[in-house]
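Heads up: the protein sequence lines correspond to chains A and B, in order.
Reminder that position 20 of the first sequence reads as 20 in this note's numbering, one-by-one numbering, no gaps.
Reminder that position 133 of the second sequence reads as 1133 in this note's numbering, one-by-one numbering, no gaps.
These aren't lab readings, by the way, just hints derived from the structure by calculation.
Careful: at least some of the hints might be erroneous.
Calculated pairs, EDC-like style, for lysine to aspartate or glutamate (alpha carbon to alpha carbon, straight line, at most 20 angstroms) [stated by the list, open to error]:
id, chain 1, residue 1, chain 2, residue 2
1, A, 9, B, 1227
2, B, 1401, B, 1358
3, B, 1209, A, 68
4, B, 1384, B, 1394
5, B, 1214, A, 37
6, A, 30, B, 1216
7, B, 1192, B, 1207
8, A, 6, B, 1241
9, A, 6, B, 1409
10, A, 9, B, 1409
11, B, 1320, B, 1267
12, B, 1330, B, 1351
13, A, 19, B, 1133
14, A, 73, B, 1227
15, A, 19, B, 1240
16, B, 1236, A, 53
17, A, 30, B, 1227
18, A, 19, B, 1241
19, B, 1330, B, 1394
This is what each chain is made of:
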Amino acid sequence: MTTQEKGWKEIPMAGVCWKPSTQYLTGDWKTYKPIRDLEKCTRCVLCVLLCPDGAIHWKPEKEDIEFDYDFCKGCGICANECPVDAIEMKLAEET
Amino acid sequence: MAIVKQKMLALNGDEAVAYAAKQSDVDVVAAYPITPQTIIVERFSEYVANGEVDTEFVCVESEHSALTACLTAATTGARAFTATASAGLALMHEILYVTSGCRAPVVMAVVNRALSAPINIHCDHSDTMVERDCGWIQIYAENSQETYDSIIQAFKIGENPELLLPVMVGLDGFTLSHTLENVQTLPDDAVKKFVGTRQFPLVTTHEGKTVPFKLDPKTPSTIGPLDLYDYYFEHKRQQEEAMGIAPKVIRQVHEKYAKISGRSYGDGLIEPYYLEDAETAIVCLGSTSGTVKTIVNELRSKGMKVGLLRLRTFRPLPVKEITKALENVKAVAVMDRSLSFGGHGGAVFHEIRHILYDTSTHPYVVNYIYGLGGRDTHPNLIHKIYGDLQRILETQRIKEKVQFIGLRE
């Protein structure tokens, strides 16, 4: 866990969420991390559409995509679906 | 507060439950009929059909759905009620934990009935005893009058903002559920006033806002989605804390109810009967206590120092009260109407014996498994138990710690 955890007297009852899910960084669950080959990538944004965690964003100002590793769980769907094989899953600890 | 004028009705236990729920101004009832609980659902759906209540009655396809509907209704702030028995309660097992975990104060009448197989529709406590760890308050009634009173109290107990715990009220199948009794009933407005409206504690949401603890689109919040090893343990500890406060609340509600109804059952947790100077005592719960009281009266008239401790509240277990009630008794027989196979005795026995370990007096404690599947518990059996206890005192020896009584060899 990355945050300081609270005691049972401090948290709301019944699992009421006291912070938004965006503050719960699930990116540290991953074993494999998607690494993009910038040469091969055609910016087709298929990975943006297919990412189940919404962890790949289209950045219009850069006209490029961006991985949000705070929320990428490393499922590998992007690598599997990429039509030009521009994404490779690498062991997270080695990247 | 003065005792209010009441109306005597001829009701069986199930009808008493339905009548109490009707008067308690319930918003949602979702239930599935099962013997011997069926009359409750029938009566309540009549109230709905006749326009006597404005309750939303949800016809569901199973008990699993019945409790789920009540749980979800309760999380939106509604007052929810259901009733079941035996296999129906077993089918609710998963949702029993979800209900207590979501701190949804659903009230449920459980008409105690044996579990299959073989199929048996008659009374024993196997169905509720197996659910004693699910985070619900458990109250066991002795007669239909107490059933009526307990259902009304259950709403007031469970909905207490300090607790927010679901409550099940057990009544013995057929012995209570299908037997007509004279039941004193309070006027509708007195019950409505007593139960009041639901009050909500404040919680902090994901947006950092402080809102009432209920699901409401105007004040968005999320209840009970996911805990991993980081917070699950803390939430379970909170439930235990609420259980720790529950005896105080149960006592207070019982006392307040006694003031308007004139009726009380011990202190609401336990009901000691001739225990002050008793040398031997029976501990039991449910309708059997009525039979035991008759035998106690009989034996007392012959000068024998016998007593009874009836457990009205089994969850939370009133440890202090039980200790105090039994510490001067020399031999105790615990009657269990359910069996923990291979567990060396029944659930009530385990807990009473565990409580008495901490007393300096260390009374003898024996267990009688009785009445499984509706087997009649006639007065002779109770006589035999007091006789056995007397023999233990005379010989200072326990022959058999766990026995079956009323069973053919």
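message = Run through the hints listed earlier and report the numbers of any the structure violates, in increasing order.
response = 3, 5, 6, 7, 9, 10, 13, 15, 16, 18
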